[in-house]
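Protein chains: 2
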Amino acid sequence: MQTGLIPNVSVDCVVFGFDLTNLNVLLIDRDFTKEGIVYHDLKLPGDLIRMYEDLDDAAGRILHEETGLSNLKLKQFRSFGSPNRLKRNEHDLEWLRQNDRTEEHIITIAYYSLLNMAELNSTKLIINDNVKFCPVNEVIDLVMDHMEILKGALEHLRLELLSQPIAFDLLPEKFTLSQMQKLYEVILGKTFDKRNFRKKFASMKYLIPLNEKEVGVAHSPARLYLFSREVYVKIMDGNMVNT
Amino acid sequence: MQTGLIPNVSVDCVVFGFDLTNLNVLLIDRDFTKEGIVYHDLKLPGDLIRMYEDLDDAAGRILHEETGLSNLKLKQFRSFGSPNRLKRNEHDLEWLRQNDRTEEHIITIAYYSLLNMAELNSTKLIINDNVKFCPVNEVIDLVMDHMEILKGALEHLRLELLSQPIAFDLLPEKFTLSQMQKLYEVILGKTFDKRNFRKKFASMKYLIPLNEKEVGVAHSPARLYLFSREVYVKIMDGNMVNT
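Taken in order, these protein sequences are the chains called A and B.
Residue 0 is where the first sequence starts when you use numbering that gives the first Met the number 0, and the numbers rise one by one after that.
Residue 0 is where the second sequence starts when you use numbering that gives the first Met the number 0, and the numbers rise one by one after that.
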């Protein structure tokens, strides 16, 4: 294995999922043993890119190999290349020593993906204990610089939420305005006044009210909406750009 | 030199400049000789990252080494890693052969930067024939996949122009609404109705009208404006997010 002369390249994937309550992120257990004690640290799915492999292909391959998920729309958002990004604490150093990789400089190209968990067929995930969705606000520590990568992805997600119709990649196909408000609240980390939020979004022509209500809820069932990408694109095309 | 086993990493820099007429991009002559003929192909500033070098540091170092420009705000926008990205035509292949690099797979991390050319002190640029600003719409061919990188940067620039106050990084500190309209037009590749454009932007509280007019122009001098980032941030903070 070549190390020590030129930087190596990896991809890491931040897969966000919304389960109508929390914004979650997909994490993998990086366990290793030292002096008989097993340590379970959490990491983002990620691995080295192969020689002559395309970046997007590598991201898809690695996510599939490590989690079982496939056909996700993965989008690059930033690269991380600080020379000390692999060595953030004693566990990282020990893991690098055990894997004979203490001299490496790995530049990672970070991808992110949005998953509608309500419609996720859980059989698509490799069902073993080392892959799981965790609420983002409960993640306090990850291996190496993965916390920084997660924060970068979250920042990117917030910006996109305010400028592009990505909320609908995280919501079920048919959703209530309350579910949509909850999504905005958990991503932006704020609470919104219910009446103002509804007033603002109910007037958006790309939200199509259905003659259907939600089922199986304890409270009085709310109206379901559908997002029309077609209407959205038309509205955007007619905006500022055509002044 | 290590090649052929793991991908190498480079940075490439797309430096945009606006001269009140054209959107320009900074290019470098990659000349090489074959059978006595000198070929002048154009490339973006860029080179390999050193082992243990930080990405942003590498971008700054390489841009400075190749063009003389320093202290520019360089922002990553995407990585390009297609395994055949270096070999787009016969010139590329010949250049790779002459430099003994035909087997390489180089993943490049692309940066972009915005430059107010009106205030650029040209002495900051290494003054030699192989570094120059070219109007983006006159660039029809670059080495390797640099055309694709330029197009990606342009796409990114257009999105940012519509969602963030980056126009003011490209304009002089004091500018007229006509200059601002010209900038929007050259970046977005559209023409705008002058009255509508002025009406829209003159009402933006972050554009501060000055009691000053432009000087040294043939037409009747127009009012100058200043961009207030402080007001802009306040307005944005008060927007949708606080519904």
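Please keep in mind that the hints were generated in silico from the structure rather than gathered at the bench.
A few of these clues could be false.
As the list claims (entries may be wrong) - Sample of chain A residues at the chain B side, in silico, Cβ under 7 Å:
id : residue
1  : M50
2  : R77
3  : G151
4  : H155
Unchecked claim - Chain A regions said to be covered by chain B (calculated; three or more residues, Cβ under 8 Å):
id : segment
5  : 6-18
6  : 99-111
7  : 216-224
Every residue gets a Cβ at the ideal spot worked out from N, C-alpha and C, and that includes glycine.
- Task: Grab the minimum C-beta distance from A/R77 to chain B and call the hint holds if it beats 7 Å, violated otherwise.
- Result: holds, 6 Å
- chain B over the segment 216-224 of chain A, status - at least 3 residues with CB closer than 8 Å: Violated - the segment 216-224 of chain A has 0 residues with a Cβ nearer than 8 Å to chain B, which falls short of three.
- Minimum Cβ distance from A/M50 to chain B below 7 Å? Where the cut-off is 7 Å and the nearest Cβ of chain B is about 6 Å from A/M50, the hint holds.
- Task: Take the segment 6-18 of chain A, compare each residue's beta carbon with every beta carbon of chain B, and decide whether three or more fall closer than 8 Å.
- Result: It holds: at least three residues are needed, and the segment 6-18 of chain A offers 3 whose Cβ sits within less than 8 Å of chain B.
- Count the residues of the segment 99-111 of chain A whose CB lies closer than 8 Å to any CB of chain B, then report whether that count reaches three. holds (count 3)
- Go through the hint on A/H155 and say holds or violated, using the shortest Cβ distance to chain B against 7 Å. violated, 12 Å
- Query: Is the hint on A/G151 kept, meaning its closest Cβ partner in chain B is under 7 Å away?
  - Reply: Hint on A/G151: violated, closest Cβ of chain B at ~11 Å, above 7 Å.
In this structure, the earlier hints numbered 3, 4 and 7 are contradicted, and the remaining ones agree with it.
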